[in-house]
Every structure is written in C-alpha cells, then in structure tokens.
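Protein sequence lines correspond, in order, to chains A and B. Residues 1 to 363 (the numbering used here) are what the first sequence spells out, left to right. Residues 364 to 688 (the numbering used here) are what the second sequence spells out, left to right.
Hints were generated in silico from the structure; no laboratory data involved. Beta carbons are placed, not taken as given, at the ideal position from N, Cα and C, and that holds for glycine. Hints should not be assumed to be uniformly reliable.
Partial list, computed: chain B residues near chain A (C-beta under 10 Å) [stated by the list, open to error]:
id, residue
1, P475
2, L506
3, I661
Label-pair ranges, simulated between beta-carbon atoms [said to hold, decoys possible]:
id, chain 1, residue 1, chain 2, residue 2, range
4, A, Y351, B, Q638, 17 to 25 Å
5, B, V400, A, E339, 28 to 36 Å
6, B, L646, A, W357, 20 to 28 Å
Reference listing, derived: stretches of chain B covered by chain A, where coverage requires no fewer than 3 residues with Cβ under 8 Å from a Cβ of chain A [said to hold, decoys possible]:
id, region
7, 401-413
8, 433-445
9, 448-459
10, 525-538
Each chain, letter by letter, is given below.
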Amino acid sequence: MFNEYNPLKKTIFQIIDDNGKVINKAWMPDISDDRLIKAYKDMLFARTADLQIVSYQRQGRIYTYPPNYGQEAISGATGAIIGENDWMVPAFREMGAMLAKGVTLKELFLYFMGYEDGSKFQHAKFTLPISVPIASQLLHAAGIGYAIKYNKEQKVVFGFVGDGGTSEGDFHEAVNFAGVWKVPVIFIIQNNQYGISTPTSVQTASDSLAIKSVAYGVKGIKVDGNDFFAMYKAIQESVKVCLEGEGPVLIEALTYRKGAHTTSDDPTKYRTREEEEAWDIKDPLKRMKGYLKSKKLWSDAEEEKIIPQFKEEIDRQFIEAENYGPYPKEDVFKYLYAEMPDDLKEQERQYERFLQWKAAKVK
Amino acid sequence: MKIMNMVNAINDALDIKLGEDKNVVVYGEDVGVEGGVFRVTEGLQQKYGIERVFDSPLAESGLVGTAVGMAVAGLRPVIEMQFCGFVYPGFNQIISHASRMRNRSRGLYETPMVIRMPYGGGINALEHHSESMEAIFGHIPGLKVVAPSTPHDAKGMLISAIESNDTILFMEPKRIYRAIKQEVAEGKFTIPLGKANVVSQGTDVTIVAFGAMIREVQKAIVMAKESGISVELIDLRSIYPIDRETIAKSVKKTGRIITVTEGPRSFGLGSEISQIAIEEAFLHLEAPPARVSGFDTIVPLPRGEHHYMQDPYKILYEIERIVKY
C-alpha cells in the first residue's frame with residue numbers, strides 16, 4: 001500500500017465515493033458488520049456530543065471549546081483500531097479517539113470547564129492529556145515509541161497534529177527522531193485545511209503534507225480523511241508496519257473542519273459558503289451512512305431513535321460535570337513536585353492566612 | 364575513596380545508575396561514541412550498549428521532548444545539553460511539558476528525567492558557551508534546578524537527581540570540570556536536593572554562591588581574613604528549591620549578606636536571595652544585601668570576559684564595602 005500510494009505519486013487513498021459506494025475494492029478492509037455499526041454509532045455519538053457542547057458553550061455553561069465537527073472519521077477509524085495498551089498522544093481535536101480509549105465525556109467536560117481533574121483519566125490507560133502548544137506533543141510520541149522499542153513491547157503510539165502544526169519545528173524533529181530510531185509511532189496529520197484562519201497553502205510549498213515523510217525516510221500516505229474505510233485501512237496497515245519494526249508512519253488525513261477553530265472563532269471571516277457546501281458533500285458520516293444503508297446495516301429510523309438516547313447520555317454526563325464542585329486550593333500546589341518544597345508549603349500557608357483574613361473582612 | 368575530578372564523578376554517578384536501574388538511558392549530542400564533548404559519558408556506551416547510551420540527532424527540542432515521552436512511559440532518561448547556550452530550542456519542552464506534566468494530569472503522569480547542562484564562563488569559549496542563566500530556569504514552576512561545586516557533590520547530587528521523580532535541570536560548572544580534584548567515596552551515595560552546604564563558618568559576612576563561584580569566593584575569603592574579616596560561605600547547591608532556612612540562620616548570625624553569581628544582575632538569583640534575607644532576618648541586617656554578579660549585558664567574548672566575570676577581587680571589594688557600611 002505504501003508503495004502504491006507513495007506520496008511522490010501525488011495520489012490520495014480512497015475507498016468509498018461521496019455517496020458511500022466502494023470504488024477501491026482491492027483495499028476494502030475486512031470489518032465485521034457489528035464492528036462497522038459500532039464505529040458508525042461512535043462517530044455519531046461524537047458528533048452529537050460535539051454539537052451539543054457548542055450549544056452548552058453558547059449558553060455560557062462551558063469555556064472555549066474546539067469542535068471536531070466534520071473530522072469524525074479520523075478519530076472514528078483510530079478508535080476502531082487503537083488497543084487498550086496502545087498509546088494515544090492527542091493534540092486537541094480527537095474526541096472520538098479519546099472516548100475509544102476510555103476517556104469519559106464527563107472528563108472532557110471537566111477539562112473544558114476548567115478543572116485539571118478532567119485530564120486525570122480514570123479508565124483510559126496510556127492516554128496523554130490534551131496538548132495545547134502546537135506539535136510539541138509529537139516529540140512525546142517519539143519518546144514513548146523509543147520506550148516501547150526499548151522494552152520490546154508489541155504496541156504502537158498514535159500521535160496527532162493539525163496541518164498548521166506541520167510548520168512547527170517539533171513536527172520535523174519528531175518525525176526525524178522517530179525515523180532515525182525506527183520506533184512504532186503513527187503520526188496522523190488532521191489536515192482540515194485551516195490553522196485557525198490560515199489555509200494550508202500558507203503553511204507549506206510542498207505538494208502535500210504526506211510528502212514530507214519522504215525526506216525523513218519514513219513511510220507516508222495521503223488519505224481521504226472523510227472516508228472511514230480508507231482511514232481504517234491506512235491505520236491498520238500502519239500498525240502492521242510498526243509492529244514489524246518498520247515504523248514510523250506518517251498519515252496525512254485530508255478533511256474539513258466544518259465548525260469554527262474554537263467557539264471564539266468566526267470562520268465567515270476567512271472562508272466562503274460555497275467552499276463549506278462543497279465539503280458538505282464529502283461529510284464523513286453522510287458517506288459512511290450511505291455505505292451502511294446500501295448494505296441494509298443502518299437506517300434513518302434507527303438514527304432518529306438513537307440520537308435522543310445519545311443526547312440524554314451526553315446531558316447526564318454534562319450535568320455531572322457541572323456539579324463537580326469547587327476547586328480545592330490544595331490542588332493548586334500539590335502536583336508540581338513529587339514532594340512539595342518547603343517554599344511552596346509556605347506559599348500555601350500564606351494564602352490560607354489571607355483567605356481567613358478575607359473571610360473575616362468580607363462578611 | 365578515589366581521587367576524582369568532576370567529570371570522573373559525574374561519569375561514575377551515571378555508571379552506577381545505569382548499572383543498577385535498567386530504566387536509565389543516557390543520550391544527547393555526541394554522548395555515545397565520542398563520550399560527549401567534555402568526555403563526561405566516556406566509556407558508557409561501550410559498557411552499556413547503544414540502546415542505553417546513544418547519540419541523538421542534533422536537535423535540542425527533540426532531545427527534551429523525546430525524554431518527556433520516555434519518562435511518561437516509564438524510563439528515566441538523562442539527557443545532555445552540549446552547552447547551556449544551546450538549551451533554548453528545548454526551552455519550550457522544559458517550560459511547557461517537562462515541568463508540568465504531573466500537574467496537568469493531576470499526578471497520572473510523571474516525568475522523572477534529568478537534563479544535564481554545562482554552564483558558566485571562564486573557559487575562553489565562543490559566543491553562547493559562557494552563560495549562567497539559572498534565574499530563567501529557577502522561575503519555572505515544577506522544575507528543580509541544581510548545581511554542584513565539587514566532584515563529591517556532583518556525584519551524590521546526580522544520583523539523587525536520577526532517582527527523583529521530578530524533572531531536574533542539573534547545571535554543571537564546566538570551568539571546574541577538571542580544575543578540582545578530591546577524594547570521592549566509591550559506590551553509591553546520595554546528597555539530598557534542596558539543601559545548601561555551609562562550606563566554611565564565619566561571623567562578619569555571609570556569602571551565598573554556587574557552582575564555579577565557590578572557588579572564587581574561597582580565594583576572596585583568604586584575602587579577607589588577612590584584613591581580619593570573617594566570612595561564612597554557603598554553597599547553595601540547589602537553586603530551586605532554595606534553602607531559605609540555611610540562608611536565614613547564617614544572616615541572623617552575621618548581619619550581612621553578599622550573593623556571588625555569574626548571571627546578569629537584574630531579576631537574578633542575587634535578588635531572590637536578598638529578598639529572603641530581608642524577609643527572614645530584617646532586624647538582624649547591618650547593611651543592605653549586596654550582589655556580585657554579571658552585568659545586564661551579554662557575556663563578552665574571551666578577550667573581554669574578565670570585565671564580566673566574578674573574581675576574588677570583585678568579591679573582596681564588596682566584602683570590604685559591606686563591612687564598612
């Protein structure tokens with residue numbers, strides 16, 4: 001596959017068309033009906049949650065949030081493959097993959113409501129918290145890859161970044177280190193066309209982002225990121241390559257961010273309605289549903305029935321997060337060091353004395 | 364006991380930890396085959412193999428960032444910054460990740476890693492090879508910053524640093540890498556991080572310094588003694604956490620304090636220590652705290668470096684001034 005779709009050939013790996021019809025049988029992955037339906041439901045759940053979070057944000061019930069809307073197939077395919085013991089190194093737009101690892105919506109809500117506790121994942125193993133400094137997390141993925149190889153473990157790392165992140169030095173250093181070390185890392189670039197307002201054409205003069213893999217001597221492929229089957233197959237092959245000790249792999253997943261960069265952003269300033277409509281045709285859920293319906297695996301009636309159930313579950317977890325309670329002052333201090341330095345202890349005591357003074361003063 | 368210089372002592376500490384803990388890996392630019400530009404890691408790759416002691420690509424952000432990844436995955440990386448002037452591409456990884464992964468994840472992930480970094484001037488080097496920027500790093504919450512001044516301390520402190528579950532910036536005074544030899548205990552011993560060392564007792568002035576400045580202060584103390592001035596010398600050993608207690612105790616006794624540091628003066632370590640003296644021993648002070656430090660300038664190239672560097676006379680000048688105040 002990596003020969004056939006070598007980025008130098010400027011091809012894009014696709015399996016279904018815009019309506020969900022299989023156009024590339026040779027590479028169609030073998031997935032059971034049950035798994036397919038589950039993957040679709042997971043993507044639908046992520047989308048429903050995503051849209052609901054934006055509305056919570058509009059109601060002033062959660063802080064700034066970066067929507068995943070339109071990019072669900074990338075996380076969906078990752079989530080369908082990633083193992084319990086594989087590492088997930090997210091950027092910040094991978095909700096579906098995070099949920100698949102066992103992160104709960106409540107935890108994500110807590111994070112975006114302003115609690116670090118949301119990053120203390122209770123059930124998700126081997127999952128790093130969201131990383132805000134762009135592309136910096138990819139070096140962690142490369143380092144984790146080294147540890148896996150060093151300990152001779154059979155597992156892989158998924159490291160995510162956006163198209164804008166490929167301009168950062170850390171992106172290049174990470175792919176380079178991983179390439180030199182031959183470590184099991186799957187770098188996934190979610191090329192959603194924009195870094196906030198800046199189009200990919202302003203980020204690079206390269207023909208593609210996948211083509212950068214060639215310079216680092218690692219396998220790379222440009223995939224239709226709105227095609228669940230293509231993403232699934234590309235990731236499946238990448239895992240195989242990594243487990244055979246031939247990693248890393250760089251996947252460029254071509255997609256479109258249908259929502260805003262974050263809830264603070266206004267995309268009408270930098271893109272047109274026509275452009276958005278052109279991408280609506282390629283919507284990942286619409287295309288996968290087209291396939292499922294053609295195989296009689298899914299119906300509009302089922303979808304209409306399940307969405308209210310999803311909404312109820314999302315709301316339940318949201319309300320739990322809303323009722324999480326106050327942020328204890330101890331938590332500001334106690335996680336910086338394995339053992340709190342005396343100076344920090346004293347700062348905490350001083351703050352406590354201030355709080356007591358204030359409580360007496362402000363009645 | 365064995366006679367060692369600081370290079371031997373650091374090498375010995377790495378050797379001991381590589382030998383007893385399979386999770387320890389040592390890497391950096393030229394540390395493998397060559398044994399580092401200062402030969403600190405010499406012989407370790409031959410002894411422990413290329414998977415545990417190795418050369419990295421030439422990229423400092425990559426060095427620190429990959430170490431963060433290794434550390435969250437259970438290894439204990441010890442990386443080498445070839446010179447402190449080259450750390451800045453890695454600064455983002457230090458301040459954005461290495462120092463805050465535990466806080467960010469509420470203790471779910473830790474980054475037990477050591478960043479070794481030769482620092483300081485006085486070696487007739489090119490630009491970017493002579494800085495002492497401890498203040499920048501001491502200002503980073505979640506990071507520990509330490510600097511030994513003797514081979515014995517270097518060994519014990521490095522072993523403690525590697526065993527710590529925090530991220531430690533281990534600053535090595537390269538000017539005295541080979542200049543001081545002393546007897547160092549063989550085998551494993553540790554020196555707790557965060558505790559200063561009272562090098563010599565005195566009654567008139569307290570001097571707080573660290574790293575390569577200790578030796579300069581000691582020379583000044585001999586000269587001061589000739590004038591009948593008794594100086595107490597504290598080797599800070601740890602920039603952060605800082606040992607307030609030892610500083611306070613000494614200043615209460617002497618009533619005067621001078622800091623001797625290599626970095627630029629403003630917002631520097633000297634200012635922080637002066638503030639500690641004021642907070643902890645205000646009524647004992649007989650003179651304003653004084654600072655012997657670099658200027659707020661770039662360290663000049665070798666021909667002009669003597670203007671910038673602290674030497675025994677610059678220190679003696681301040682000792683005499685503060686005693687007469």
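How the hints compare with the structure:
no. : hint                        : result
1   : P475                        : 8 Å, holds
2   : L506                        : 9 Å, holds
3   : I661                        : 24 Å, violated
4   : A:Y351 - B:Q638: 17 to 25 Å : 18 Å, holds
5   : B:V400 - A:E339: 28 to 36 Å : 34 Å, holds
6   : B:L646 - A:W357: 20 to 28 Å : 24 Å, holds
7   : 401-413                     : violated (count 0)
8   : 433-445                     : holds (count 7)
9   : 448-459                     : holds (count 4)
10  : 525-538                     : holds (count 3)
Comparing the model with each earlier hint shows violations of hints 3, 7; every other hint is respected.
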